[in-house]
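A.B. asks: Sequence:
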Amino acid sequence: MHFYPFSDDRGAVDIPVHVIVHEHLRTAALCLGVAYGSRDDPATAGGLAHMLEHVLMSSPRRGTFGVAEQVEWLGGEANAQTGLETMLFTAHVQEQYLNEVLGSLTQAVLRPRWDKAYVEQERGAVQQELAAMQADPSETVQDAFLARLFGAHPLGRPVGGTLPEVSSMSMEQIASVHETVFLPAPMVLCVVAPRPPEGLSAGERSLRPRPDNAHLPEPLAPRERTGVVWPEEFAWVCVGGRAVPAGHPGAAAFQVLSTLLGDSPSSLLYQRLRRDGSLAYMFQSWYRGYAEAGAWRTMIGLEPENGPAAVDVVLGALEELAGAGPKPEQLGAAVRKTTTSLLQESEGPLDLAKLTSSRVIAARGPWSLSGETAALNEVTVDDVRRAAALVLEAPQIEVRPAVAE
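Residues in the sequence shown are numbered from 2 upward in steps of one, following my numbering.
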């Protein structure tokens, strides 16, 4: 085990590091994961985490380049993403630039240079990003679904916030949250490269504990199918419910449930939505686990006249799985498909770095690819039955574009 000792005149931070050495590689990938996300935004400043992400990657450290542009000039790629509970800062470069980029990325994230001109520049970029997302029903339906699923709980807030919130937050407010909430959060660095980077220290470092700000969402009431109002144009619908939190022993069953009701030709929904009923062409299902609870959903793009029948198909398939469970051959195919997807996600250096960082942050401790694949292969028919039954305890339905009810 290693850690990355970062220190300057403002103090020291030891970041646990997972080094994955593949000697055949000619590139190196880095991912700095931080257990901080939109759920940590101030009550009146939704979207601050997303705004912070933009500023950290774009504001210049020295001269005129931010870290994202610096990495691009070196021929690589750099990016960042903000979720409900996690931020990931990534870079992928030729291996000879590994040490340089590691230093630049950690400096940019931990010790940014605050400049109002660059904050305003990124505010404009974020406003344009939000405007584009709010014009896309496939994006707004997901925010609406999570808002219904989690209500006033922080998990129900949109990651990007709203245009008024982004417009009103000040540089001083962003800098204060970075200092008081972001920097104390648990962090982990994953490096996938042909050799370890320089500057690491040998020794064990655990993730810092996350502040105990968790509280359970309020109980949900099921939303009636007949309460859905369909628009006149092409629509997106989310159907799903709450699931187990991250790290729960039953999480693997929800991953398998997503495959059983996914867009693969072997899934129940493919057979009923596309092949038998010609109700929809675009659909997918997925599970996300968070600190207090999880979310499982299917998202479908369809013509509105197909909407009621498609919702009935999804809920009917869930009821079938909650009752008798999948047939053994269906379960076996779904487990193999889910495992293959996980293994494919781990085969690229950058994907593996992101996967490892995000999983360690979510688990708040050790994680291994072999452990997750073993958990998937241990999922039983009864595990899937319980997962489907939990979703059906209070199923929720959201449609966009929305029309007045």
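Bear in mind the hints are in silico, worked out from the structure with no lab data behind them.
Quick reminder that beta carbons are idealized off the backbone N, C-alpha and C, glycines included.
Accuracy of the hints is not assured; some may be wrong.
As the list claims (entries may be wrong) - The following label-pair restraints were derived from C-beta to C-beta distances: (1) E199 to A325: 56 to 66 Å; (2) E78 to H23: 48 to 58 Å; (3) R196 to A13: 43 to 53 Å; (4) E306 to P197: 12 to 22 Å; (5) R276 to G76: 25 to 35 Å; (6) E78 to T227: 46 to 56 Å; (7) A222 to R62: 45 to 55 Å; (8) R276 to G324: 37 to 47 Å; (9) G12 to T45: 43 to 53 Å; (10) G12 to R62: 34 to 44 Å.
A.B. asks: Now tell me, hint by hint, if it's right for this structure.
C.D. replies: Each hint tested on the structure:
The hinted range of 56 to 66 Å is satisfied by E199 and A325, whose Cβ atoms lie roughly 57 Å apart. Range check, E78 to H23: Cβ separation about 19 Å, and the 48 to 58 Å hint is violated. Between R196 and A13 the beta carbon distance is about 25 Å. The supplied range of 43 to 53 Å is therefore violated. Distance hint for E306 and P197: a CB-CB separation of about 58 Å, inconsistent with the stated range 12 to 22 Å.
Between R276 and G76 the Cβ separation comes to about 45 Å, which falls outside the hinted range of 25 to 35 Å. Checking the proposed 46 to 56 Å range against E78 and T227 shows it holds: the Cβ atoms sit about 48 Å from each other. A222 and R62 have their C-beta atoms about 51 Å apart, which keeps the hinted 45 to 55 Å range intact. Taking the beta carbon of each, R276 and G324 are about 23 Å apart, not inside 37 to 47 Å as hinted.
Separation of G12 from T45 is about 29 Å and departs from the stated range, judged on CB atoms against 43 to 53 Å. Remark: the range hint 34 to 44 Å for G12 to R62 is contradicted by a beta-carbon distance near 18 Å.
The structure does not agree with the numbered hints 2, 3, 4, 5, 8, 9 and 10 stated previously, though it agrees with the rest.
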